[in-house]
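Just so you know, the protein sequences line up as chains G and A, in that order. FYI, my numbering numbers position 332 of the first sequence as 1046, with every residue one higher than the one before it. FYI, my numbering numbers position 8 of the second sequence as 47, with every residue one higher than the one before it.
Because the hints were derived from the structure by calculation, they are not lab data. Treat the hints with caution; some may be incorrect.
Unchecked claim - Here are some, though not all, of the chain A residues that point toward chain G, as calculated from beta-carbon distances under 8 angstroms:
no. : residue
1   : ALA112
2   : LEU114
3   : GLY118
As the list claims (entries may be wrong) - Ranges between beta-carbon positions, derived for each pair:
no. : chain 1 : residue 1 : chain 2 : residue 2 : range
4   : A       : ALA170    : G       : LEU717    : 24 to 34 angstroms
5   : G       : HIS720    : A       : SER169    : 22 to 32 angstroms
6   : G       : GLU750    : A       : SER169    : 16 to 26 angstroms
For every residue, glycine included, the Cβ atom is placed at its ideal position computed from N, Cα and C.
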Amino acid sequence: MRLTDHERHLLDGGGGEALARLLGEQVRVGDFFGAERLQPIANAHFMGDLEVLGDAGLSYLTRLAEAGLQVQVPTTRNAQSVDFAHAALLRQSDDLVEGERRVRAVLGRLGVSTVNTCIGYQTVYQPRFGEHVAWGDTGTVAYANSVLGARTNYESGAAGIAAALTGRTPAYGFHLDETRRGNVRVRVTAAMRDLADWGALGAIVGERCRGYWNVPVLELDTAAPGQDELKHFGASVASFGSVAMYHVVGVTPEAPSADAAVDGRELVDRFEVGDDDIEAVFGRDLAEGGDVDLVVFSAPQLSFFELKRVADAVAGRRVSDRVRLLLTTNAMTCRGLEEQGLLSAITDAGGVVLQGTCWYVMDPAAQRREFGWSRLVTNSAKLVNIIRAHGYTPALRRTDECIDAALTGKLSAR
Amino acid sequence: MTAARATYSVRQATGPAAQAHLLVDPVTFSPRYDLDRVQGRFSRAGHPLYGEPIAGVVLAAPGVQGGVAGGWAFLAMAGLGVGPAALVFGETNPVMVQGAVTADIPIVAGIDPAFFDEARSGDVVRVDPSARTVQLL
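Using the sequences provided together with the hints, build the complete structure.
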């Protein structure tokens, strides 16, 4: 890899041992992927909650803070594992709560803004077209690359903070033009009636085109999707397929046409997704219907308008006594919700709005054991994919069906 | 040194050499979705390796899936002494590589596809990133 004189100086220890080690790790990753240089970045976002960090990760961050390192670009943190205001309600362990406070303090010393959101692109910072950033949380990466035309690879926890502290990242993958070209064409004839349909589409495309280097190109027969639809698709296709970028012809900025999005790259697959395919995803779990323990709107955190929709639907009604209704968002959105009188519409109905967290990073396995929860309904395909490892039986349903399940405690058969 | 039964080339590699028993994951791997990262075991319901420990083995999988949590997962598992000895993938993504580099776990990818036809869980394998090879011993 070609390094600048300054980068070489830092690698040789000119900025201290800790920085040299971080840069060394970046060079090793860059060499692995054939990067020719390091790319300066304008912004960093990384996943650093206690559940995923573990004690080892917290020690790692503490060593960086003790070395006096500071972020070189504006840096935000993804959702954390605890909403301090609701930790007792969810019987989160004292270790987790105290540990999360320690993480937050360490990140503050490093200069990280602990805004604790996985939808920063809807609320905190939206990179411009062509801007190079280093983002973690796969859904944010898919959104940045695809919808905004910014450029980032998946930057997993330690790599994300390394990029923030060095102000650069190896120039490979989605920083380069050639990687961004589409190689899978998908015609979508399904009606795409709900956010969950977009998550289901993400599951289908992700499972079929699995692989970080695959870039699906969607051609739609339906109306153009909005921000939240693209958010759910991106989070799902990233979760099911490890996909970091997609194009939607006529919608996303690097796809004025399918030919432009593909730009001569060899196709590895081409297929169609219809209504039956989407319905089949909904039918995968709990098709027989029945009692529900938990209804969760999360993964990613909800936007203002997603929350408003739920608030409007449950206002003046009551969540079933045998169901817990959980929704997650960030502090900024929650404040706006409160100001509009919508937060109380949800909480008065018995719903719980958690802020600064995303439910699947809140040690959901511990909650399952504490509360005896098992059968979970959500409109997030990403959550369905993740939560099985925590022992739940999850089912993907459309938003209205989820709200109905929360109010009745029952899921209809499909 | 034990003679190799077979040697497979890899396209990408980094980290120190390692030798251990092999655990073959027949599906795409995600430390976040598949594992209990405290116990170091496969915990995803219905996973072909459900219950199998990952601690100290060379984990081989045809591909990877899922999110950025893998980066911290390898460091966390290494810190608890339940992490893998090495990672061998057909195709991989930056998460696995970043995570492995931070945790100083050897990782290779782009392995000769014949490896997945011939290698079996329980085989002893040597992963040598500097030579860009994986050997069945």
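Report task. Given the range 22 to 32 angstroms, decide if the beta-carbon distance of HIS720(G) to SER169(A) lies inside it. Result -> Roughly 29 angstroms apart at Cβ, these two residues keep to the hinted range, so it holds.
Report task. Under 8 angstroms, Cβ to Cβ, is where LEU114(A) needs to be relative to chain G, so tell me if that hint holds or is violated. Result -> holds, 5 angstroms
Query raised in the report: Minimum Cβ distance from GLY118(A) to chain G below 8 angstroms?
Result: holds, 3 angstroms
Query raised in the report: Does ALA112(A) pass the interface hint, meaning its C-beta sits closer than 8 angstroms to a C-beta of chain G?
Result: Result: holds, 7 angstroms to nearest chain G Cβ.
Query raised in the report: Lying within 16 to 26 angstroms: is that true of the beta-carbon distance GLU750(G) to SER169(A)?
Result: holds, 21 angstroms
Requested in this report: Note whether the CB distance of ALA170(A) and LEU717(G) lies within 24 to 34 angstroms or breaks it.
Outcome: holds, 25 angstroms
Figure legend: structure checked against the earlier numbered hints; every hint is met.
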